[in-house]
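**Q** Letter by letter, the chains look like this.
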Amino acid sequence: MKARGAVSAALASAGILLAGWQAGTQVPGVNATTITTTAAGSAGAGAGTTGSSSGAASGSSSGGTGSSAGGTGSTGSSATGSTGSSGTGATGSSGTGSSGTSGSESAASGTYTGTAVSTRFGAVQVQVTVSAGKITDITALSLTDTDRKSIQISNRAAPLLRTEVLAAQSASVKIISGATVTSNAYLTSLQAALDAANL
Amino acid sequence: MKTQLLPASPASSGSRQPDRPRASRGTAALFAAQHRRRMLRADLLTVVAWASVAAAVALWLSDGGAAAINSPASAFTAAGIVAGLAGMDLVLLMLLLAARIPLVDRTIGHDRALEFHRKLGKPSLYLLLAHGLLIAVGYGMAEGLDPISESIALWVLVPDMWLAFVSMALFLAVVITSLVAVRRRFPYEFWYAVHLLTYAAVGTSLPHQFSVGGLFAEGTWQRWYWLAICTFTGAALLYFRVAQPLVATSRHRLTVSKVERVAAGVVSIEMTGLQLGRLAGTGGRFFVWRFLAPGLWWHSHPFSLSAEPLVWSADGGGRLRITVRNLGRGSAQLARLRPGTKVMVAGPYGVFSTAARSRDKVVMIGAGIGITPLRALLERTPFAPGDATVILRGHTEQELYLGSEIIDICRQRGVRLFHATGPRSRGDSASWLPEDAVRSGYSLASYAPDLAASDIYICGPSAWAANVIADARAAGVRPEQIHHERFDW
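So the sequence lines, in the order shown, correspond to chains A and B.
Going by the working numbering, the first residue of the first sequence is number 1, and it counts up by one from there.
Going by the working numbering, the first residue of the second sequence is number 200, and it counts up by one from there.
To be clear, the hints were calculated from the coordinates, so they are not data collected in a lab.
Just so it is clear, the structure is predicted and the values come from calculations on it, not from any experiment.
Not one of these hints is a red herring.
In silico EDC-like links for lysine to aspartate or glutamate, alpha-carbon gap of 20 Å or less: (1) K2/A <-> E314/B; (2) K134/A <-> D195/A; (3) K457/B <-> E604/B; (4) K2/A <-> D242/B; (5) K2/A <-> E679/B; (6) K134/A <-> E164/A; (7) K541/B <-> E469/B; (8) K457/B <-> E469/B; (9) K318/B <-> D242/B; (10) K541/B <-> E459/B; (11) K321/B <-> D310/B; (12) K2/A <-> D310/B.
Listed next, with one range per pair, are the computed distances between beta-carbon atoms: (13) S8/A <-> S273/B: 28 to 36 Å; (14) A629/B <-> V27/A: 54 to 62 Å; (15) Q169/A <-> I268/B: 37 to 45 Å; (16) S8/A <-> L319/B: 14 to 22 Å; (17) S8/A <-> V441/B: 29 to 37 Å; (18) V7/A <-> A629/B: 29 to 37 Å; (19) Y391/B <-> V27/A: 41 to 49 Å.
Note that CB positions come from ideal geometry on N, CA and C, so glycine has one too.
Next comes chain A alone, as it looks inside the complex:
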């Protein structure tokens, strides 16, 4: 009787673990799910044109490349990374390190990439677009994404941080409650980018 219980329990447990394992191979994996850092509706203050840039940078696993919609009136977004989100017409520079795109007038213009700040929930790296000494856009190249919860937090916090920073024109903004780790890393990376831009 005892043996019967033990054997059934072992079989049932093994079956459940196997089913879990099998289900685990079917899911796309957290990294490939959804991290959307949408920067929509920003005013690109380039040479007189208003370029709305919508960028969807997904694929946090690569974390390196991204999009920039810079100065001269081009709308651009790019999507690089492993799966999923569609990008439309990529212009601008990609790559790490700060690279300036055709800033027309101002001294401090271009896109600058901040350092990648590693946190327990994933690395965070942002790219800032500067035009005529003003922060015109911030794109998150990678955000906290080790698990679904972190992705949810990132998706909530990043747009709020972006809005705050654009309004304050600096990295000294209040952090988003419930997203302390993400906010701190985001602002640290941003500060590095701003330093590179000499802002």
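Since chain A is already given, all that's left is putting chain B on it; use the hints.
**A** Frame of chain A; chain B shown alone:
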């Protein structure tokens, strides 16, 4: 065997009362089937328990957890997550084992449920500690921090994490005070008060599971599963440990009617109440009593019925009786209970009853105050005249509490009765019999001839009972035939 009082002859069955159940030809098959069903339930519970642990780990696997391990840091974090999931699952199982769920109680009995509860204490604590440590190391490695700075950062930065640290400390306190060595040094009330902190420990651990745990993020089915098992456990506790006792108390409206001295330090407490017909067949099982008198109301006592519930009116009005020996401070006060005292009751609990029977013959062995539940069981459990043996053990005849009542029942039902009185054997500490019986070379088999076809009910002090069980096992009795209720939980 000079101590035999009544022969096993069915000749004495002439005066048997008509309402007493007697075993017929089908009883053996009936009890065998009952036993098979109980074993099946026990196996099912075993499967459910283990499957729940496997399911907790499978939750993580099904989320692609194993595939996401790609660095030492993520390996530590993953191990920490799995430890946390398994640890929490064990904690929920422990709560369910202590929830006095009738299915569990009828299957393995309250004492064994609590034994498993106790056995899970340390493993669950180790898993929870490992969870904390591994996560601190894994997160720290991802961030380039040592585990201690990482823990501080988690406490400060991540919402609900400070609660998780509080929870960890509470779990530690609860388990440490429950260790036998520690528990002995403090009064029961202290242990009980600390043990109540378990609810706080579980409560403070819940927020971080749902707000920080990536597995249980909004919108995942894993979150729903986890919510479901937590809610189920909480509901079972509330229902069976709070609601059910209140319902039973208001249903039966028990009032102390008589407190009678049975022997030195032993009293029988009689209570009258309503709807007692519902408790038929609970003789020998125990209830948790709370006497609503000044100085007593805050203490609850587990005592077995020492007689079948007696019902005398159509609406179920009748009488319950317990017989208690003044062992602790609480029980000493019971002797001074006044008639008219209201009584809160929860139960019946335990499988020291006919529900545990697997054979058609019965052997009952009781010592001291442990005789009294046997007295109640003897009244009703079915057997044919000549098929039951009762052995009562005490230092003196006066210690065979309710002995005269038992003699009457044995006469009526044709039971073989032995009084084994005298000092315990000095030479043989493994014996449960008095000195002279040991010298004569008697063992359990000398008293009860057909052990293989009998259920053996044992009630008495734990060390003594362990000796009886050893004797029975040596005589070839299978474990499922031995029924022993422990009250030292």
